[in-house]
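Just so you know, the protein sequences line up as chains A and B, in that order.
For the first sequence, the numbering used here begins at 1 and goes up steadily by one.
For the second sequence, the numbering used here begins at 297 and goes up steadily by one.
One should not assume that every hint holds.
Computed spacing ranges between beta-carbons, pair by pair [claimed, not checked]: (1) B/Arg589 with A/Trp128: 38 to 44 Å; (2) B/Leu628 with A/Ser158: 30 to 36 Å; (3) B/Arg386 with A/Gly162: 33 to 39 Å; (4) A/Val193 with B/Val546: 48 to 54 Å; (5) B/Ala376 with A/Ser158: 31 to 37 Å; (6) B/Ala355 with A/Arg155: 53 to 59 Å; (7) B/Phe634 with A/Arg130: 58 to 64 Å; (8) B/Phe465 with A/Gln206: 35 to 41 Å; (9) B/Ala645 with A/Ala192: 34 to 40 Å; (10) A/Glu249 with B/Val486: 42 to 48 Å; (11) B/Val584 with A/Arg131: 47 to 53 Å; (12) B/Gly482 with A/Gly240: 30 to 36 Å.
No lab work stands behind these hints: they were computed from the structure.
Remember, it's a predicted structure, so these values are computed and weren't measured experimentally.
Quick reminder that beta carbons are idealized off the backbone N, C-alpha and C, glycines included.
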Amino acid sequence: MTLSTSFIEDRSSAATLQAKVAVANPVEINDLTVAYRDKPVLQDVDLTIPEGKLAAIIGPNGAGKSTLLKAILGLVPVVAGSVQIYGRPYAEQRRLVGYVPQRSSVDWDFPTTALDVVMMGTYGRLGWIRRPGKAERDFAMHCLDQVGMARYADRQISQLSGGQQQRVFLARALAQDAQIYLMDEPFVGVDAVTERAIVALLQTLQHQGRTVVCVHHDLDSAPDYFDWVALLNVRLIASGPFESTFTAENLRKTYGGTMKAAIEHFQHFESDRLQMMGERRGDKGTRGQGDKGTER
Amino acid sequence: MTNERFDMSASLAIILTGVLVATACALLGVFLVLRRMAMLADAISHAILPGIVAGYFLAQGPNLLAGFAGASLAAVITVALVEALQNTRRVGGESAIGIVFPAMFALGTFLVSKYFANVHLDTDAVLYGNIEFAAFDVLFVNDVNLGPQSLWVMGALCIINLLFVGLFFKELKLATFDPGLAAALGFSPVLIHYALMAVVSITTVGAFTAVGAILVVAFMIVPAATAYLLTDDLSRMIVLAVVAGAASAVAGFFIALALDASVAGAMATMTGAFFLLALLFSPSHGLVAKARRLQRQRMRVAMENLVVHLFNHEHQAYEEHEAEVAHLSSELRWQPGFARQVIGMAKRAQLVQQANGHLMLTGTGRELAQRASALRDGEG
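If we strip away everything but chain B, and leave its shape as in the complex, we get (with noise of 0.2 Å):
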């Protein structure tokens, strides 16, 4: 608002930042989804509150740096404590996420409170962020106005993660399908691991002054698992994610700005419109493709059923009785209908003809039936 030249762009400024987190946290996300770490995202999203809170206490006020620092040591710790936990035995994988995650977001609420009551770095900002504003937290350098900060911020976490992802694509695959076999390869896993944790948290601060603890997880996880549902291959995962991200971030930003909604929230919202798309849709993975093969298959098996039978009673006296339609439903125990359906796929694909209320085969339909009937002597 004080800044005029920044009013006019305001609305590219909240879009761009929207998909630079997008970018920057789903290119982490398909490593997260695929080594099933989805809720240590979450928990280091959250974790790292009491990071931020000592670093921008020890700086004596909102210093970007120390927030970096402080919740990157929280976010190596929270791993840290977790993979402790889960040594133990006794408190099994998901729980001992469940004691930290809370524990050290609790501290972190109780800091906030205690010594910055008075600060912007209020828990609402916290869980939800205030990208609305993006365009008006302005960086200064030397007093030169070089455009919104959180621009930059995102900007350098989205190259910081396209070169880690980039030069360490190699390691990270190999260390996320077969941890042992990297291992013995030399790559360790461990390292991996802890260098991927350390990109996380730090996407994570970056990304929460814009989104919010609560909604940087849904950028990290949800594109990467619509993109899951998409593709079978690694890079194209990734480059997947991004664009179903990016395209939560725009689509997000005009339904908040027409509805006069939490822009954060929209965007996090389409991410999730966009996965419940894919988990529908996709035409590999997709609920719909699955319940068409299935169908398929189910019609392919019953028109086999179909031929096999009228076979097996060709050139017997009762042929003609057996082959009438209506006699072939209660054989067959199909209902009416079904039989009807059935008849007309095999009648459309050539395999039987109908002349005055009984059923032949075709030519097609009799080797069908041969193959399909020598088929199942050699299971049985």
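Okay, chain A solo, but in the shape it has when bound (with noise of 0.2 Å):
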């Protein structure tokens, strides 16, 4: 599961792109607030996502997780603060962002083709309207094969399973051939088919020095998929790589005492870590041996 390194087709905005990327980080959020009515719902966050990592987004319901990539989007109003994408505001640099929204927010018996969804991500680049044409058509066909869903390319949306309408959304990311891809829970209810891809995927981009930003809630995985972490609970807790940030500590500041769930997800987690530095164990034991996700 490789993508082609045509996958920027105009090599002209390739280098203007370099260009952009070179300045900054990929996101920078300063002292942003978000409010719906007057209860924020986020407060004073301060966040920078550096280059090439595998950030997630970790905290308990009604945290703010989505209302963040949103705000990032500039999806919601913002009270205060502000958000840059590689050093300017996100109206100018729309295009070096993909998006894929919760897999819920859409109407899956829209009368439209998977393939026509995947196009619907080369639209940013085609401006007010021009229509998409063979190009358009092609690489969308060929984002859709990266996800495995080429065969899914006539099928009518609401005749897909979950996972594949899952993959469907990434297809159309991926057709956003964006820098920075921001992506909201991918991982919920999908088969363990979909969760290998989303998470092959998530590395190619990686290795091709993109940078993704996922909503996440599973603590159990989380190890798994990312190396870097953002804990959020309506303000920013902690965030940093994913060995020092993702600490029994943050997270009880993250949960609070009460969330007694998350503390043992967690410790699951430390006694997988022991168990990995000193012998395999048995049931549980392949978490985080590099082969992810394979026995999920």
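With the hints as a guide, bring the two chains together.
So, in structure tokens, the structure goes:
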């Protein structure tokens, strides 16, 4: 599962892209506050996501994880603070950012095919009025192939399984040909095949030097998939490289003392890690050995 | 009546007006249906009344352009008010529409009765239109008779809507399917929403002199909903909606002619009739097709159960007893009639054969039984 080097077709735009990319961090958030009515959803969030990371945004329900992605994309009104994509406002950098919304956010009975949904990823490049042509169609097909869905190109989207729908969404993000990918819970409700496909895709994107930011809520699998983490609960609790940030202390701060489940999850993870250092355990020992997700 | 020449083609003018109304409405209706905004279209069609009255009042007469301007403004106000109410969260989606549209319509009726009591803008015409007179309301420019005004107005609206949907097809599709991505890519869904509302309102004004405020909604929503039952492709849905709308207009005219009934009413009734046909008989989403699929599935499972049962008792001492038809129906808890039906189908499919009252698996039947039981074991 490798993305071809002709991923960026337009060489000149690739050059300007490189120039833009060289200046600053992919995502820089300063003092961001978002509120629905008078209730803050995000408060004073300062967050810098470095280049080329597979970053997870982790936190309890209502922590503002999805809102953080939406604020980066300018989809929710911001009360205070700023978001910069490679040093400039999002509105100037739209083409550098790919977005995978939650699967449940759209109506899958919409009368269209998988390929057509993927082609929507090319609309940003086309701009107003211009229609997608053969080039966009071929590229969308290529993106569908990346997620193992080429066979389903002409399938009506309501006839796809949940996992297949998720892969169509990922292919659509690939069709955006972005430098940063923001994904809202891509692993929710998917089958094992899709989970493996997503993991492989995330790694491919990383190898190509792209940055991936995923909202994620499964503490169990997080250590396998990501190398960078931001722990969020309305405020930013901690952020940084996974190993040093995903600690019991930080998780307790994020989930509060009452979130027993979170701590239990963490204990699983901790014991697995100890296990890894020593002997291999039989029942749950595959976690964290590099061949990510193959046994799940 | 004043013009002989158009008496001749009066029927044609009425039919053509109906077809143009249906086309203009169906083009937009597809997006209204997919955006689940049927009720908002209904609200707009009623709420533009005070706008039209205000326009006529300012122009001191039934001036079409003033009517359009007033109606568009009223439509935008309606949409904005509905959204503002919805944002209070105390008043949910449908309730907000239910508050704004009667208020606007009431204001409209009040204004009509107060200022236009003697003008031809009467409440009946507003509600039901007067397509019957489409041929006689003739457009004069510099004293040259250009033919029925409604044809010009609806023709222009058809072209506007065709251009709108044609040029912004991609944007409308994206903003309807995934407004979040549309916004992220820079295609403002708010802008697209209001643009759609603007063309919906001018189309409503144009259509409403012909078919009235109540029936215009039928032309917007029903053919689009009919098309949605028939296809899984957006472009085809638009074409089918236009066809269904135009067919309703033509059929409605002749029914009205035959029964001496309201033309607009008959046309709108026909949109409902076509919808009912699609609801029942659509090959993909129709109720009949669904029931048949369900029945086929039920029979397939029953046949599987039959062969698995026979297979499990093959080579057993009491095999012959187990394979008796009467025993089977009690064992598998089937009504005797259903058992006979299943066995008949299984025989026709050459899964089983019958020899003096006993059922025996054929080769194919045994294969199916093996596959089915392997699959069931896998699930267990």
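Verification of the hints:
no., hint, verdict
1, B/Arg589 with A/Trp128: 38 to 44 Å, "holds, 42 Å"
2, B/Leu628 with A/Ser158: 30 to 36 Å, "holds, 34 Å"
3, B/Arg386 with A/Gly162: 33 to 39 Å, "holds, 35 Å"
4, A/Val193 with B/Val546: 48 to 54 Å, "holds, 51 Å"
5, B/Ala376 with A/Ser158: 31 to 37 Å, "holds, 33 Å"
6, B/Ala355 with A/Arg155: 53 to 59 Å, "holds, 54 Å"
7, B/Phe634 with A/Arg130: 58 to 64 Å, "holds, 59 Å"
8, B/Phe465 with A/Gln206: 35 to 41 Å, "holds, 36 Å"
9, B/Ala645 with A/Ala192: 34 to 40 Å, "holds, 35 Å"
10, A/Glu249 with B/Val486: 42 to 48 Å, "holds, 44 Å"
11, B/Val584 with A/Arg131: 47 to 53 Å, "violated, 37 Å"
12, B/Gly482 with A/Gly240: 30 to 36 Å, "holds, 32 Å"
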